[in-house]
Amino acid sequence: MAIFNVAVTVRLQTEVNDPQGLTIQSALSALGFSGISNVRAGKLIEFQIEAASEDVAAKTVEQLSDNLLSNPVIENFEYAISTPTSNTR
Amino acid sequence: MAIFNVAVTVRLQTEVNDPQGLTIQSALSALGFSGISNVRAGKLIEFQIEAASEDVAAKTVEQLSDNLLSNPVIENFEYAISTPTSNTR
Amino acid sequence: MELYCGILYREDYELLTDSTNTETSVTDDVLREVSMTRSEYDHIADLLGRAPNGVELGMFGALWSEHCGYQHSRPLLKTLPTEGDRILIGAGEENAGAVDIGDGLAVVFKIESHNHPSAVEPFEGAATGVGGIIRDIFTMGARPIALLDSLRFGDLSNPRNRYLAQAVIGGIGHYGNCVGIPTIGGEFVIDNSYDGNPLVNAMCVGILPHSRITRAVASGKGNPVILVGADTGRDGVHGATFASLENPQESARGVVQVGNPFLEKLLIESCLEALESGAVVGLQDLGAAGLTSSAVEAADRSGSGIRLNIDSVSRRTTGLTPYEIMLSESQERMLVVAELGREAELFEIFDRWGLHCDIIGEVTDDTDIVVISGQKEEARIPIKHLTNAPTYEYPVSRPDYLDQVQSFDPCLITEPNSLKQCALELLGSPNIASKSCIYQTYDQTVGSNTVIPCGSDAAVLRVKDTRRGIALSTDGNSRMVFLNPRIGAAMAVAEAARNVVCTGALPIAATNCLNFGSPTVPSVYFQLVEAVKGIGDACRELNTPITGGNVSLYNESGDQQIQPTPIIGMLGLLDDVEKRCNLGFVDEGDRIAVLGSVHGKLDGSEYLKIAQGLTAGNPHIDLAFERRLQSACLELITEGLLSSAHDVSEGGLTVCIAESAIAGQIGVELNINAIDVRTDELWFGEGPSRIVISYKPEQWNRVNAIADKHEVSATEIGTIGGKALEFAGDFTLCLNELTTVWNKGLGTALSGAVSDD
Amino acid sequence: MKACVLVFPGSNCDRDSYHALSVSAGFKTQYVWHEETNLSGYDLIVIPGGFSYGDHLRSGAIARYAPVMKGVSAEASKGTPIIGICNGFQILLEAGLLPGAMLRNTQVSFRHQWVTLRTETTLTPFTSTIDQSCLLRMPIAHGEGNYFATQNMIKQLQDNDQIVFRYCDSEGNVTASSNPNGSVNGIAGICNKTRNVLGMMPHPERASELILGGTDGTLLWNSLSRGL
Ligand SMILES: Nc1ncnc2c1ncn2[C@@H]1O[C@H](COP(=O)(O)OP(=O)(O)O)[C@@H](O)[C@H]1O
Ligand SMILES: [Mg+2]
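Chains as they are written, first to last, in numbering that gives the first Met the number 0: chain A, 0 to 88; chain B, 0 to 88; chain C, 0 to 756; chain D, 0 to 227.
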């Protein structure tokens, strides 16, 4: 068994309106940051998982991302798995 | 002027209480996903910025990440800048 | 020395726990760390007969802080009236006072500040402020049924202040909405003096049968002490002493507390269920100074001792020192003292609600608090030493500015060219404009009790299974307190009571939060001393005892002291909620009258501030008259004679009439015979003891007779109807225009957009 | 009428629903804990509003995995009337018992206000006795009530007469300014194809007594008892 670091990124699908992104965008332009466009807000869920191998870990991650961490009607997900290099932090 | 793709990742500082992470963690274990620990929830803000150079873009991104996209009292941020390779997605 | 306190502390910790340590070895840095003077340190050493170790010193520091120990205010607070026929639990006895409302029911309520944490992290500071006051209420065994928020910020033209305001509003809504307690009222006031030091006061109200009133005691030798809820982190270590540091922003150390309203909701439900089981001896929330203050206070109430084994405390982070565990302010934690042998029943309940709990100690029959880690005794202190913080009375000196502001002469002011322009400007200004952009983000109806939500003089809730209702309002008027501390504070009480009266409720009890600058500044201490006298004066006259409250001092940034801001939370009772009254005009043809003086005074008015840029004058209140006025209004409402009642406050008669017209979406025609009165005094003058009422024309004789009986003048000033507001030939406002200006004013200011006019 | 109100950790309109159903509507009402699995025997199942599991991740995302949702699914296919209010609607969407998803309100912030609703169909057990010419008034209180569905889904909803309530102005017109949260087509409530599962953002249980400002919510309870 090894411990893997996992980062799951969840984004709204491109054709879905993103109220948060729009709000950030208008806040930015109100504050004078110009030239900024297509602001989209997403989620990042990071955790550690104990599994026999990276493949096994990936399978679990895929499953839980698809079922719980994202909603397929409006969102897409992506994940990255890595072995912890050290045990600090 | 060029257009750069930016992804800003905002995470709660490690010592700060993360109710969202804790709730997800207990939901996962209730759902039978075992061996998952240290769940932390973060934010991802993606956008495009028009700037004269990558350095100029970086400066702006740094500034707005520090002041607007993240809250330095409880969060840290990180960013990545890239030139759009194509205009799909 | 820009170090995080835990780290700084750990070095000195060794030094202090060294048995060869003598009193002189404590450094100034350590003393500053625990906000303690050297003479206090020496006093502690005398009390203990030895030098305190680090953990002990931290515990003393927290409990002797203003926030927990009321060092500077305790002698003053003792002078407040706290007794009355309806008082079931008086001020200071438990976490909140309890008041009898009939039918065997009691209301528990209290207001508390979270100013300094909100200055550092406004969203979480405000959210955890709400969480904290909710815990004070359900600790009493009551179900929380309402929240109110009283807010003060610096000028909104400054983006930092806009950010603070938006984040605070967000935090309050986030917490209250999620736990499912409606936010039904509050205040929002802008003044330059709050620049850099916003005020965030939150009030919570709960209800319960008398028989369920629960005490926060740790009693009964051998009874287990259980810690329920969140794991303990390094959050807010030094929060309690932090509240007495003058510059919170710079001294922000430790970890900012992040609230978890979901967890709080589980705590509310599980604790109320646990109380029902009968296995709970005492229940105490963990607030400022965390485990230290809750264990000490609970044991102190029963005269017991308590022994804590802190190794059993579940942690969120590694490496916590005993000092940090004892002082952590991690949110959403409760201390439950169980009946020995019945722990399992309680564990079953908490477990079902998905809450973690640990037995962390037991009640003892001595009178010490003992803290154990491993084999080591980390602290042993007689509890009475911790709860009897030394009190201080500072030199008092009447502020120099008073003579100058009080000698204000209205003759030097020219009346405005355009009364209409002036009226519109006032109606759109942040302090007067509608607060709906704030309370629209608050759930005001969850709980199915809200009869009158935000937007009236006071909110009204029905009391399920009875005919009764309760009315609630928070009020403060710092400018008046600034101009005359004793009178201004009395006016705040009077206004809170008057607001409640305008709904048809009898004011029965009050809570207060004293937000002041640094007590070591003699002129500030004068404001505090006088304001407390004023609150006492008014509460005695109006028969509304104080059931509890909170003190927040050192509200300043740089040299700038905030305006003295006592906030009063008032509870009123309606025997029959169907007889309630609201502020909106109702029918064409109804008549309008003013109870009390038709015109006000310019002193301290919003008009003087906005149109003339002046903070000046010497306000006045006749408390005996105020009482008669309130009795008259109450009788008029209970007799069913009124269509509407609205208290005249900021912006004077014009704003009062405008608000009633907007609420009813109907115009008015006023006819006032006011010779010898300046037009600005007539239309914008302020002053207490005035209520605008409306009624059917045929009721005038009865209305007048009741007013007469109470020796209160009632003056008819106009008739309701049409779509315009005709101000007696002086100026006219169009209802549509007025509504837009009033509705948009605050939203525009808060968003930072420049208004069109 | 026998009704039950589900209780999840973080539900906060459970008591309000219970009160409205038992006191205002006269239903024999019970709470059902989220760990139960058998929901048979009720004439109405209410999934109440609130912040189940703190609304973390997405509102309703975690609750939909609670054991009780197995019972809800079973009853949904049996034809038992099921109403999800606010958070309950969100849970039904996440569970796939209703189509679509919820986004944050367009203003991003939480929004509480009284809204006006137009009843789009009376062919449901919840609306069968409602006079469509009468507009309903009830409060909303949510941060994520911005209903989203793809064009295809909307077309299907329309073709199958599954849109039950729309936000409208006082004249009954569905306009941009009468839409409080950005919902597509002003949708406030929808039902499933078999018409026994209703999800709606507005709170009928908070508009079931005159003293609370209105009784339009009782029209739903009346339809339900009439239908049985
Ligand atoms: N921060 C707030 N939160 C909730 N309600 C608020 C807030 N500020 C103002 N209100 C509401 O707006 C209305 C007007 O407030 P205010 O002008 O302070 O009333 P008054 O002068 O009668 O005390 C009241 O109903 C009050 O409860
Ligand atoms: Mg008022």
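Among the hints, erroneous ones may be present.
Straight-line distance between alpha carbons at most 20 Å, and here's what the computed SDA-like set of lysine to any residue pairs gives [as the list claims (entries may be wrong)]:
(1) C:Lys383 / C:Asp45
(2) A:Lys42 / B:Ala51
(3) C:Lys463 / D:Ser23
Ranges of calculated distance between the beta carbons of each label pair, as one might list FRET restraints [said to hold, decoys possible]:
(4) C:His209 / B:Leu67: 48 to 58 Å
(5) A:Gly34 / C:Asp154: 27 to 37 Å
(6) B:Asn66 / A:Val55: 50 to 60 Å
(7) B:Glu61 / C:Arg539: 39 to 49 Å
(8) C:Pro158 / D:Gln29: 44 to 54 Å
What the hints contain is simulated information worked out from the structure, not anything from laboratory work.
Small disclaimer: the values here were computed from a predicted structure and weren't measured.
Cβ coordinates follow ideal geometry from the N, Cα and C atoms, glycine included.
Structure-based check of each hint:
no., hint, verdict
1, C:Lys383 / C:Asp45, "14 Å, holds"
2, A:Lys42 / B:Ala51, "30 Å, violated"
3, C:Lys463 / D:Ser23, "13 Å, holds"
4, C:His209 / B:Leu67: 48 to 58 Å, "52 Å, holds"
5, A:Gly34 / C:Asp154: 27 to 37 Å, "31 Å, holds"
6, B:Asn66 / A:Val55: 50 to 60 Å, "43 Å, violated"
7, B:Glu61 / C:Arg539: 39 to 49 Å, "60 Å, violated"
8, C:Pro158 / D:Gln29: 44 to 54 Å, "53 Å, holds"
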